[in-house]
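Peer 1: So the sequences go chain by chain: A and B.
Residue 181 in UniProt numbering is what sits at position 181 of the first sequence, and the numbering runs on without skipping anything.
Residue 41 in UniProt numbering is what sits at position 41 of the second sequence, and the numbering runs on without skipping anything.
Treat the hints with care, as some may be off.
To give an idea of the interface, some chain B residues facing chain A are shown, with a C-beta separation under 10 angstroms as derived from the structure [to be verified]:
# : residue
1 : V162
2 : N167
3 : D187
4 : R188
Hint data in this document are derived by calculation from the structure and do not stem from the laboratory.
Please read all numbers here as calculations on a predicted model, not as lab measurements.
Positions of the beta carbon are idealized from the N, C-alpha and C atoms, including for glycine.
Number of protein chains: 2
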Amino acid sequence: MSEAREVNGAQKKAPMREVLAEAAFQLFLERGFERTTVDDIVARAGVGRRSFFRYFPSKEDAVFPDHESCLADMTAFLEAASDESDAVDVVCDAACLVLRVYSTNPEFSVQRYKLTREVPGLRTYELSVVRRYERMLAGYLRQRWVEATDGSLRAEVVAASVVAAHNNGLRSWLRSGGEGDAEDAVDRALRLVRRTWGEGGDGAAAPEPQQEDVVVMVATKGAPMWRVIQRVESALRDG
Amino acid sequence: MSEAREVNGAQKKAPMREVLAEAAFQLFLERGFERTTVDDIVARAGVGRRSFFRYFPSKEDAVFPDHESCLADMTAFLEAASDESDAVDVVCDAACLVLRVYSTNPEFSVQRYKLTREVPGLRTYELSVVRRYERMLAGYLRQRWVEATDGSLRAEVVAASVVAAHNNGLRSWLRSGGEGDAEDAVDRALRLVRRTWGEGGDGAAAPEPQQEDVVVMVATKGAPMWRVIQRVESALRDG
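Chain A on its own, in the form it takes in the complex (with noise of 0.2 angstroms):
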């Protein structure tokens, strides 16, 4: 950090992370991904290159720079949550800090957007990111759901369904260039997601049978009324 200080003298505010992940980022842009070094990198940050890896474990990793703190920030996000609220809500609330990350640099994002799409492994390195957030998700949903049956399959395709509702929502947002908002279309993603498995919602984490436990039927509209009682009679008993 020493070494940052001195060399940013005329930036002190801005961190060393932050100087290096944009000097990578802007040479990404210039000269392509592949053709940029470390060295090149460090030079233009005017740094020793043992900064960089101080900071970043890869070149990959300059490109998501904020996806760390991110997951920290979900961990603490799902570690506060209350054990009261629906648990699809929650996951569905904590990806849309992902979401905060992109939003608040939509240019930033935009144009790395681009340059993921062009270099092969920077798509490997967010997928490993992405999977990163989805098995977070599937963590927390797993020990709300411990006592159903079903729940460790349940949380892993619900974690699933949220990051894909994210994600849709959120490309959408950079493919039309950062313009509209990011909020907004990732709201209107998950609202699938949380209509399908939310408490209350069709696909619903079934508890235990009680005696509130609840019957779902389905008729045909075609279906002459005394067969959709017959069927409700029959679920009502089967549960």
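Position chain B against the provided structure of chain A, taking the given hints into account.
Peer 2: Here is chain B on its own, set in the frame of chain A:
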């Protein structure tokens, strides 16, 4: 290929690709993935270095030698699927093609699972393979649901659900050491997806309102029968 035939005169029946994959895998188990070089692999297989790269772009590819042909099978399967069938059933069935790649060779699959847990590079590679399957399933669903307002979102969320359920079943089978029935484990996991997202499922894609529209009604087991019927009637009326 002529090179392959010369060198493997004694075992003409094993195609060169298989011989290389087998040699590679044995070495990965013996020495570890990182410590095995392509030179080691070709030496063990008794062929020239270029032969390796003729079949596999990288060392990682040799660990998963069947995925390219499985992706091709899946493409053919989806292209041949009838538009009359439930789109969610089609993608669940397509996912089972992947399972078969694992279940036909339990011992190899279990060993590879353990190897993959230990080598971050292989996990990342696997993620990108899984992502290709997911994109293929999403592409099929998108085209089936092209008329629905939320078709593209739904396609991505359902594809992610299918992959998550498939992998949950597959992993539980792999963790058990390949004991028991893999297809059964995956079938059970996919049931949640079919039930939730399939036609007639609770979270099914909503077509434009029609006379045949499906009505879903939810009641608590404690509710009196008259209230249940009242709600069925109103649901049938208002859809």
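Peer 1: Would you mind marking each hint as holding or not holding in the structure?
Peer 2: Results for each hint:
For B/V162, the shortest C-beta to C-beta distance to chain A is roughly 9 angstroms, which falls under 10 angstroms, so the interface hint holds. Because the smallest distance between the Cβ of B/N167 and any Cβ of chain A comes to about 7 angstroms, under 10 angstroms, the interface hint for this residue holds. Of the supplied interface hints, the one on B/D187 is violated, with its beta-carbon coming no nearer than about 12 angstroms to a beta-carbon of chain A, more than 10 angstroms. Against a cut-off of 10 angstroms between C-beta atoms, the interface hint on B/R188 holds, since the closest Cβ of chain A lies about 8 angstroms away.
Hint 3 alone, counting from the list given before, is not met by this structure.
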